[in-house]
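Chain H is already provided as a structure; the job is to place chain G on it using the hints.
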Amino acid sequence: MTEELKDIQKEENIVYKKSSLLTDNVMHYCPGCTHGVVHKLVAEVIEEMGIQGDTIGVSPVGCSVLAYNYIDIDWQEAAHGRAPALATAVSRLHPEKYVFTYQGDGDLASIGCAEIMHACNRGENIVVIFINNAIYGMTGGQMAPTTMIGQVTATTPYGRDVKLNGYNMKITELIAQLPGTCYVTRESAHTPASVRKTKKAIRKAFENAGQNKGTSFVEVVGTCSSGWKLTPEKANEWMVDNSFKEYPLGTMKDE
Amino acid sequence: MAEVRLMKGNEVIAEAAIRCGCDGYFGYPITPQSEVMETLMIRKPWEETGMVVLQAESEVASINMVYGGASCGKKVMTSSSSPGVSLMQEGITYLAGAEIPALVVNVVRGGPGLGTIQPAQSDYYQTCKGGGHGDYRLIVLAPASVQEMNDFVDLSFELAFKYRNPAMILSDGVIGQMMEKVTLSPYKARWTDEEIEEISGSWATTGKKANRSKNVSTSLELDSDKQEEFNLHLGRKYKAMEENEVRYEKISCDDAEYMFVAYGSSARICQKAIEICRERGIKAGLLRPITLYPFPTKQIKEMVPQLKGVLSVELSMGQMVDDVRLAVNGAIPVEHYGHVGGIIHSPEEIADALETLIIKA
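Chains H and G, in that order, are what the protein sequence lines are. Following our numbering, the numbering of the first sequence begins with 1 at its first residue and continues without gaps. Following our numbering, the numbering of the second sequence begins with 256 at its first residue and continues without gaps.
It is possible that part of the hints are untrue.
[What the hints assert, rightly or not] In silico lysine-lysine, DSSO-like type, Cα no more than 27 Å apart, as pairs: (1) H/Lys204 x G/Lys469; (2) G/Lys492 x G/Lys553; (3) H/Lys18 x G/Lys538; (4) G/Lys553 x H/Lys213; (5) G/Lys464 x H/Lys17; (6) H/Lys40 x H/Lys213; (7) H/Lys200 x G/Lys464; (8) H/Lys163 x H/Lys229; (9) H/Lys17 x G/Lys553.
Because the hints were derived from the structure by calculation, they are not lab data. Since this is a predicted model, take the numbers as computed values, not measurements.
Excised from the complex, chain H in its bound form (with noise of 0.2 Å):
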């Protein structure tokens, strides 16, 4: 390295560096994937408040079932859907640790329902991180129980069809109505703007989890470019015309 780089690079001249929780796994989401930016959040927030050595995470199963390669902290890696009874009993036996589930919509409202239900009923000391993406990505884009009305997937090949599929799944705003949960928004990140909204959320529930406040549920609405198969910027536009009216961002509970 030269010298005028070194002199360049001086702590004070860093605006920005990847967080030291991020491994340098090479990850294995797709381009757009809106995995990416909520695990670099993830790994911000816990590295800034400090409690690296005090967090335990839980995987689920799905494109994120991965995550503990690229956050360097301990995690835990469920069985479809169970990713809240876990952290249920992480968090009864470690009441002082920081406990987090990281669930998509497949994992956390189809097979994962009950679960994520009596968890934030109970008002469980934990912190919940929802991607939704309106399709399950990791087996190839088929229906989920978000995907909307008319949406085309692998196993809706015509869209679906309210007769043969049901509605899509608002679970997050049935979240809000359990008194369990202290703290429930729906976010996005996809927009710089959206990114730091995003981050300060995750940050808002973590904080409530050092505070004992009962569940935090943070959505965020992302985007699936395989799965949707549309480019990231595609994605991305199709995502605010399309996701954003079934599911409109905001805040339902903060107590």
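Same frame as chain H, but now just chain G:
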């Protein structure tokens, strides 16, 4: 001084859990074992030892709470009965795949399906031959008395942590519901954080410390070479269990010409059947497997030269008999006898069965 009490088998499971330093119990009500959680809730161990007790929303949640809690290196358990344990199979194979020590108690009732709430021993296949998917084994202890319900809780945790493998107490509705005299174990303190660090620090997810790399509790391995190596590692572990952990009891076997093989409540009834046989001039004995996995294969085989036949007695259509036949390997006749559907065989029926199925056959 030892504390002697008259208690139900299910109540004793709860008492033994508190006394052995168990950190957490997560369960869901189901007959005939609901007294386990009821006893814990009455005892309020969280005020006494700090043990966590939680009624989960389902057996699926219970076993996954066990997975989460046990992944922290804590002594964590659940209990259920057959239909509930079927629901737990996914979680059990994850525990095995992630090498997480934990205890599951199955107070077996008759099936298949919703079946009956009466006692049965028809979950042998599920427990010892799989149940969940993939190549794995459980350490399986079969209590035949309320005393063993007490003793096997601590022993199960000891073996589970020794091998980093889930253990199961395979009981049945008879042992769970009957009352007997029991000598309770002395209290053991729950492990401190420092002790957990020493015992399980290499894998327990307690928060990443600066002096170690992150611990991840997972059963996922996408690289086939690594998955094969992991399966071979599990295989070596199971072989070590087979070499070191077989437990059994022999009753009246010294001069026996005919032998019953039975576990749990059937073994208790066989003890009386031996007396009836001997009154009839038939030299009968009993080999009682205490560990169903690892199975006392060698011990049964060693008995073969002195025997004319073996009757495997089980409250099932004949499940354990497969393992008895493998042990005997065709050298002498082996048959199965047992009532099903919640009916318990009488000692006379067992003695008669030995005569009709083995001696006169």
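For each hint, the structure was consulted:
no.: 1; hint: H/Lys204 x G/Lys469; verdict: holds, 25 Å
no.: 2; hint: G/Lys492 x G/Lys553; verdict: holds, 18 Å
no.: 3; hint: H/Lys18 x G/Lys538; verdict: violated, 78 Å
no.: 4; hint: G/Lys553 x H/Lys213; verdict: violated, 57 Å
no.: 5; hint: G/Lys464 x H/Lys17; verdict: holds, 23 Å
no.: 6; hint: H/Lys40 x H/Lys213; verdict: holds, 25 Å
no.: 7; hint: H/Lys200 x G/Lys464; verdict: holds, 26 Å
no.: 8; hint: H/Lys163 x H/Lys229; verdict: holds, 25 Å
no.: 9; hint: H/Lys17 x G/Lys553; verdict: violated, 63 Å
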